[in-house]
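Protein chains in written order, with this note's numbering: chain S, 1 to 193; chain W, 1 to 220.
All clues stand as given, with none of them false.
Label-pair ranges, simulated between beta-carbon atoms:
1) S:107 to W:58: 52 to 60 Å
2) W:58 to S:54: 47 to 55 Å
3) W:96 to S:47: 28 to 36 Å
4) S:54 to W:53: 51 to 59 Å
5) W:162 to S:83: 14 to 22 Å
6) S:36 to W:160: 27 to 35 Å
7) S:176 to W:167: 43 to 51 Å
8) W:113 to S:159: 24 to 32 Å
9) W:82 to S:176: 29 to 37 Å
10) W:82 to S:105: 44 to 52 Å
11) W:96 to S:59: 23 to 31 Å
Calculated from the model, a selection of chain W residues having no Cβ within reach of chain S, i.e. all distances over 10 Å:
12) 50
13) 95
14) 131
15) 136
Keep in mind that the hints were calculated from the coordinates and are not lab data. Where a beta carbon is used, it is the ideal one built from N, C-alpha and C, also for glycine.
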Amino acid sequence: MIKKKIFMALTLMITCFCSNPVLASASETIVKGYISPTIIDVSAPATVVFSIDPNAEESSQFISPEIVIENHSNAPVKVSIESGASNFIQAESSSWKPSDVLPDEYDWEKLGTKESESYLALGIKAMVGSWRKLTTTEAIYVKEQEVNNKSIVFGELEGHSSVKMALTGNYGLSFSESKQCIYKIIWTFGLAD
Amino acid sequence: MRDYEKEKTDMNISTDSGVKKEKGSMTKERNMAAVKARKPFLFILPVMICLTVLTAGVVIAVNFTKDPVRAATEQDDTVVTDAPEISTSGNSSAVKEGELVSNNSGEQERLNELAEESRVYCIISSAPYFQDAGSMGSLSISNPEESRYYMQVIIKTDDGREMYVSPLLAPDEKIESDYLTNKDFDSGEYHCYAYFNYYADTDSASYLGSMCAEINVVID
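If we strip away everything but chain W, and leave its shape as in the complex, we get (with noise of 0.2 Å):
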């Protein structure tokens, strides 16, 4: 027979009248005894949730932010780390500070500086004029002192025959007049055009470029 029922039996024997009250008293102390029981229970399983939820936390962040290289090396005891010795010889002198720049800020100036240096001059008459075929006629070539290169003028008409080829001008140097080297030219008015080939010195291998100018050659 189960306690409570031992006691109510107990109970009932006492008196009838008293029944009734005994009965629902003993109700409310059994449930009382009941929660009671339950008290520490309902206490413990919250602690215990909680418990738990740190605990995953804990485990998942370690898990997350684990070398995932040195967790697969401790994983597998197969997997071979083979770091390179620094090596101690390299030139240290040679590092610098700072990220590499495409440094072009004197480029610019230095180009302009190497074209000026190359300046050469075109000087000569626009309409050179010879009395005949065989006389001296006037050129006016000339390759001035401020010229830092030598000079030859060949003077072409506009179908590419050659009328004159002038000696090499050193800088500081002119023909004022001189004979045309071809002299197999009617009388008339030629549209021609001036060469003026440029060399750093007397060789013909020192060619540095050449300029053109348009004249008008006249012999009566």
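Bound conformation, chain S alone (with noise of 0.2 Å):
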């Protein structure tokens, strides 16, 4: 009979033991999260041509494309010019070769055709649109890039959406024949900040 109620007594106490928590082996829940680097998804023309007519109205006389930009990402993208002469530039290809100069340099309704064959101010600039967040719509230009040390950011562009750049341009309008220029734009974009 006592040696019953012993096993019995220990048997409870067994269970106690057992059953108390804060003596039961420690266990914890790791989380761990994988968060994928977003993926840039941007599209743009890589070739925009322009056309000076100093024959038309001047309304008409400087016609340029549209350039969309548009971002198939998810997040929002923004858009800029890096620093360096090389991400706007004349191209060496180009068959027409005039001095690049900002626009206030002349007076360009006078300049006869020595100069306006001689010159030209050529600038990109933002379009007033659908964009997240507008840094600037002032024009940069040509000329400005050459010294230019800093990044330009035009904006920033949500995701699934599209904006529109423009050529702006500054030239004389006595040409003694028909001209081609080319010039080169790396645009860079970047995740917003």
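Fit the two chains together into the complex; they arrive one by one in their own frames, and the hints show the way.
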């Protein structure tokens, strides 16, 4: 009888001991999260052609296409041109090689043939539209890019959206023959801050 | 002796009492005769003046409307008129009605189409990860199916060191993972620029242009 009681007490004690959570083996759940980096997915025209017709009305003399930049990413993306002349420059293959100048360097309407065929002020700017954040609408000119030591951020566009850029130019009106020139622009895209 | 004096004398011979009366009548008759004699002259004078003015006006009008060249030609017999013959060899089908107009109405659309035809794509991971410089890392570079051009990607660090050069990708080709081309990089996070160069075909001379993606390369 006494042995039976002792056995039951021991059993009870062991049961209580094992059921005590404080003395159970410690366990923890490690939660690991893997977040993939955002894929930048953007498109833009590789070639942009502009034309100058000195015989047309002033509003129709300089014609350039709409440069549509599309963000196919889910995340917002910023659009910029990095510092360095090579990022906005006249191409070596350009048949007409005018000197790149600033728009206020000449009284363009008064230029004769010699100067008209020697100088051009070409710039690019953001057009007002569906930007997430439009940093600047001022044009950046090829001449300015030569000495530009910092990137020019035009703005940011939302995921799955598009924005427009446009060329702008200042030029003379006296040309003795048709001209063709080529410029290179290297857009830089990155995740918006 | 003048007639009217003779007449006066004759009158005086007749009677004395009628002399004054006769004298008054005589004067009156004389004046009337003088007026009668002047009447035709008074009529003719304004007519002559009118004719003179009219003639002068006609002469002036004719002179002002006369062709000066023709006038000079007619006046100067030494001027030679050498008018060129009208040639009939011109291409009459080239003639169109209306004035010259600088027509840029379709130019905008044409340039827009050219720009769209040259659309290229820039698709890459914003943070490629490499376990170490010698391991394969995730790049997620893609040249999608809708692209028309070949593409090559070159990843360079901020200071211009080349880290990776991809093979030339045709449309609908991708690189999910690859090894760094230059393995001389220590562990760390590198701010890089991935330059996408586009070509119309596999010839370098067909280079179209470039775009750039700002990325962070992590080497663990």
